[in-house]
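S.K.: Chains as they are written, first to last, in the working numbering: chain U, 1 to 130; chain A, 1 to 115; chain C, 1 to 260.
None of these hints come from the bench; they were simulated from the model.
A hint or two may mislead.
[Unchecked claim] As a list, the in silico SDA-like pairs of lysine to any residue whose alpha-carbon atoms are at most 20 Å apart:
| # | chain 1 | residue 1 | chain 2 | residue 2 |
| --- | --- | --- | --- | --- |
| 1 | U | Lys92 | C | Leu140 |
| 2 | C | Lys217 | C | Glu124 |
| 3 | U | Lys92 | C | Arg82 |
| 4 | A | Lys51 | A | Met106 |
| 5 | A | Lys3 | A | Thr18 |
| 6 | C | Lys217 | C | Ile69 |
| 7 | C | Lys23 | U | Pro5 |
| 8 | U | Lys92 | C | Lys23 |
| 9 | C | Lys217 | C | Cys62 |
| 10 | A | Lys3 | C | Leu241 |
| 11 | A | Lys3 | A | Ala94 |
| 12 | A | Lys51 | U | Pro5 |
| 13 | A | Lys51 | U | Val60 |
| 14 | U | Lys54 | A | Ile54 |
| 15 | A | Lys51 | U | Leu124 |
| 16 | C | Lys78 | C | Arg54 |
| 17 | U | Lys92 | C | Thr233 |
| 18 | C | Lys87 | C | Glu9 |
| 19 | U | Lys92 | C | Ser147 |
| 20 | C | Lys78 | C | Ser50 |
| 21 | C | Lys23 | C | Arg122 |
| 22 | A | Lys51 | U | Arg48 |
| 23 | U | Lys54 | A | Val53 |
| 24 | U | Lys54 | A | Ala94 |
| 25 | C | Lys144 | C | Ala218 |
| 26 | C | Lys144 | U | Arg97 |
| 27 | C | Lys134 | C | Ser147 |
| 28 | A | Lys3 | C | Arg115 |
| 29 | U | Lys92 | C | Glu142 |
| 30 | C | Lys144 | U | Ala93 |
| 31 | C | Lys134 | C | Arg122 |
| 32 | C | Lys78 | C | Glu99 |
[Unchecked claim] Ranges between beta-carbon positions, derived for each pair:
| # | chain 1 | residue 1 | chain 2 | residue 2 | range |
| --- | --- | --- | --- | --- | --- |
| 33 | A | Ile92 | U | Ile23 | 26 to 32 Å |
| 34 | A | Glu48 | U | Pro106 | 32 to 38 Å |
| 35 | A | Val103 | C | Ala60 | 51 to 57 Å |
| 36 | C | Ala60 | A | Leu109 | 36 to 42 Å |
All residues carry an ideal CB built from backbone N, CA and C; glycine is no exception.
In case you want the letters, here they are:
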Amino acid sequence: MSRNPYVRTVSPTTWYMRNGRYIRYILREVSSLFIGLYMAGLAMSLMRLAQGPKAWDAYVDGLSSPVALVFHALAFVFATYHAMSWFNVTPKAMRIRRGDDYVPGPLIVRAHYILWGVVSLVILVFVGVL
Amino acid sequence: MAKSNKPIVWGLFAAGGTISAFCVPALILAHGLLVPLGVFGENALSYERAKAVIGFFPVTLVVLAVVILTLWHAAHRIRITMHDFGIRNDQIVAILCYGSATVFSMAALMGATAI
Amino acid sequence: MSERTIELEILRYNPDTDEAPWKQTFTVPCQEEWVVLDAINYVKDHLDSSLSYRWSCHMAVCGSCGMMINGEPMLSCKAFIRDYGRKIRVEPLSHFPIERDLVVVLDDVMEKLPRVKPYIIRDEEKPVEEGEYKQTPTELYEFKQYSMCINCLLCYAACPQYGLNEEFIGPAVLALAHRYNKDSRDEGRDQREEITAAHEGVWECSFVGACSEVCPKAVDPAAAIQQMKIASTMDWYLDRLPAGLGTRIKTTLMPRRTAK
Numbered sequence: 001m002s003r004n005p006y007v008r009t010v011s012p013t014t015w016y017m018r019n020g021r022y023i024r025y026i027l028r029e030v031s032s033l034f035i036g037l038y039m040a041g042l043a044m045s046l047m048r049l050a051q052g053p054k055a056w057d058a059y060v061d062g063l064s065s066p067v068a069l070v071f072h073a074l075a076f077v078f079a080t081y082h083a084m085s086w087f088n089v090t091p092k093a094m095r096i097r098r099g100d101d102y103v104p105g106p107l108i109v110r111a112h113y114i115l116w117g118v119v120s121l122v123i124l125v126f127v128g129v130l
Numbered sequence: 001m002a003k004s005n006k007p008i009v010w011g012l013f014a015a016g017g018t019i020s021a022f023c024v025p026a027l028i029l030a031h032g033l034l035v036p037l038g039v040f041g042e043n044a045l046s047y048e049r050a051k052a053v054i055g056f057f058p059v060t061l062v063v064l065a066v067v068i069l070t071l072w073h074a075a076h077r078i079r080i081t082m083h084d085f086g087i088r089n090d091q092i093v094a095i096l097c098y099g100s101a102t103v104f105s106m107a108a109l110m111g112a113t114a115i
Numbered sequence: 001m002s003e004r005t006i007e008l009e010i011l012r013y014n015p016d017t018d019e020a021p022w023k024q025t026f027t028v029p030c031q032e033e034w035v036v037l038d039a040i041n042y043v044k045d046h047l048d049s050s051l052s053y054r055w056s057c058h059m060a061v062c063g064s065c066g067m068m069i070n071g072e073p074m075l076s077c078k079a080f081i082r083d084y085g086r087k088i089r090v091e092p093l094s095h096f097p098i099e100r101d102l103v104v105v106l107d108d109v110m111e112k113l114p115r116v117k118p119y120i121i122r123d124e125e126k127p128v129e130e131g132e133y134k135q136t137p138t139e140l141y142e143f144k145q146y147s148m149c150i151n152c153l154l155c156y157a158a159c160p161q162y163g164l165n166e167e168f169i170g171p172a173v174l175a176l177a178h179r180y181n182k183d184s185r186d187e188g189r190d191q192r193e194e195i196t197a198a199h200e201g202v203w204e205c206s207f208v209g210a211c212s213e214v215c216p217k218a219v220d221p222a223a224a225i226q227q228m229k230i231a232s233t234m235d236w237y238l239d240r241l242p243a244g245l246g247t248r249i250k251t252t253l254m255p256r257r258t259a260k
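Pulled out of the complex, with its shape left as it was, chain U reads as follows:
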C-alpha cells in the first residue's frame, strides 16, 4: 500500500469566515484600524492645538461633521470591544500567586473592569467638567 495523503488547503483571505470564533477574533483585530485612525487624529489635534486658536477651533468644528460623528461612533464600539476582549483574557497572561494558589481568573478580570470604570470616569470628568 502506498501513501498518498490528501492535503486540504485553507484560504488565506477568507479563512476567518469558517466559524463564529474566528469572526469574533477578526473583529477584535479590525478594532486596531479604528483605534489607529482615531489616535492618528488625536496626534494631529495636538499639532492643531500648538498652531493656535484658529487651527484648534477649525479642528473642534470638524468634530461635529457627520463623517466625524459616524467614525467616532464606530470607533467607540470597536474600542469598547477591544477593551473587553483585552480584559477578558488578562488571567491567561498574568498568573498572580496568593499563598499556595493563584488568584482566580474571574477576580482578575473583575478588577480590570472596575479600574476601567474608574479611569473612564476620570477621563469623562477631565474632558467634560474641568
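Add chains A and C to chain U, keeping to what the hints say.
M.R.: Just chains A and C now, with coordinates in the frame of chain U:
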C-alpha cells in the same frame, strides 16, 4: 532557527493594548461624541481650556504616553491583521505600519512640546 | 434505554483509488447515551468495515479519536449524540493531511515535539547518591496544568495560524515547552527559547484563543503561549543589557536559568 526580534514591537503592542483598553473608549466617547453633541456645553473644548489642561506638564506626559503607545499597539495589530487578510508582503506592511506610527508619534510629540 | 436514529455523514478518502475526499451518509440507530465514536463503531461493525479511524480508550485519555464534528474539533468519545441534531457531520481533523478516511498524518507535530526538548534539562546532573530532585506541591502546581496534554491535537485543528503556516510550532508543543520551563527541577529555558522564541515559535501566535477553547483537558495552551511571549520579551531585553547586567539579573531573579 534564530531568536526573533519581535519583542521590541511586541512589548510596545502589549503596553499600548493595555493602556488603550483603559483609556480609548472613554476618550472617544468624551471628545469624539459627547463634546460635539453638546453634552458638555458650548465651551467644553475651547482653545484656552484645552491649552491649559493639555499644556499642564503631568497631563501632557499622560496624553503623550496614551497616544504614542496606542499608536504602536494599533500599528502592530494592523500588521497582523493584514497578514490575516491574506496580504503576505509583511516587510512592506511592517514598514508602512510602524512608519505611520513613528510619523504620528512625532507629530504628537512636536505638538505637545509646542503647546 | 431509548433509541434515536441519526444520519452520520462521514468524509471518506481512499488514497489508492480516490482523487479527492467525498461524503458518505450512513443511517445509524443509536442508544440515547452513545457518543459519536459509538456511532462510528456501529458503521464499522455493521455497515462498512472498510472505514478507517483511530481510537483506543473511549474515555478521553488516549487522545487518538479527535475529529471534526459539525466543523468543531472534538474527541469523538466525548461528543454525545444527544447534544446534536438528527444529522451529524464527521471529518478528519482540520489542518492535517488525510491519510485515509478519518485518519490524519501527524508527522509534522511528531517532528516538532522533540525540538522543544520536552524533558528536564540540568546544567549538571546530580550524582545518584545525592538523591532525587525534590519538589513541593506548590512547585508541582506551577506547571501541572500544562502537563495534562494527551496530544490529541484538537488545538492544531482549531488554530488558524497553524492552518495558514505549517512552520508554526503550534499550541500543544509550545505548551509542553512551557510545562518544562515552569518546572522547578529544570534549567533548560534558554535552550528551548532557541525554538520557542523564534518567529515560528510563540511569535507566530496571534492569540486567537481557539486552542484553549477546544482543549478537552483544560491545558490552556493560549495562556502558556502568552506567558512565554512575556518571558521571551523580558529575556530579549535582558540579553541586551550592557556589562553582563542581564545575566546577573537572570541569575539573581531566576536562579534556575542556565547561562549556557
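S.K.: Could you tell me which of the hints above the structure violates, numbers in ascending order?
M.R.: 2, 3, 5, 8, 12, 20, 21, 24, 32, 34, 36
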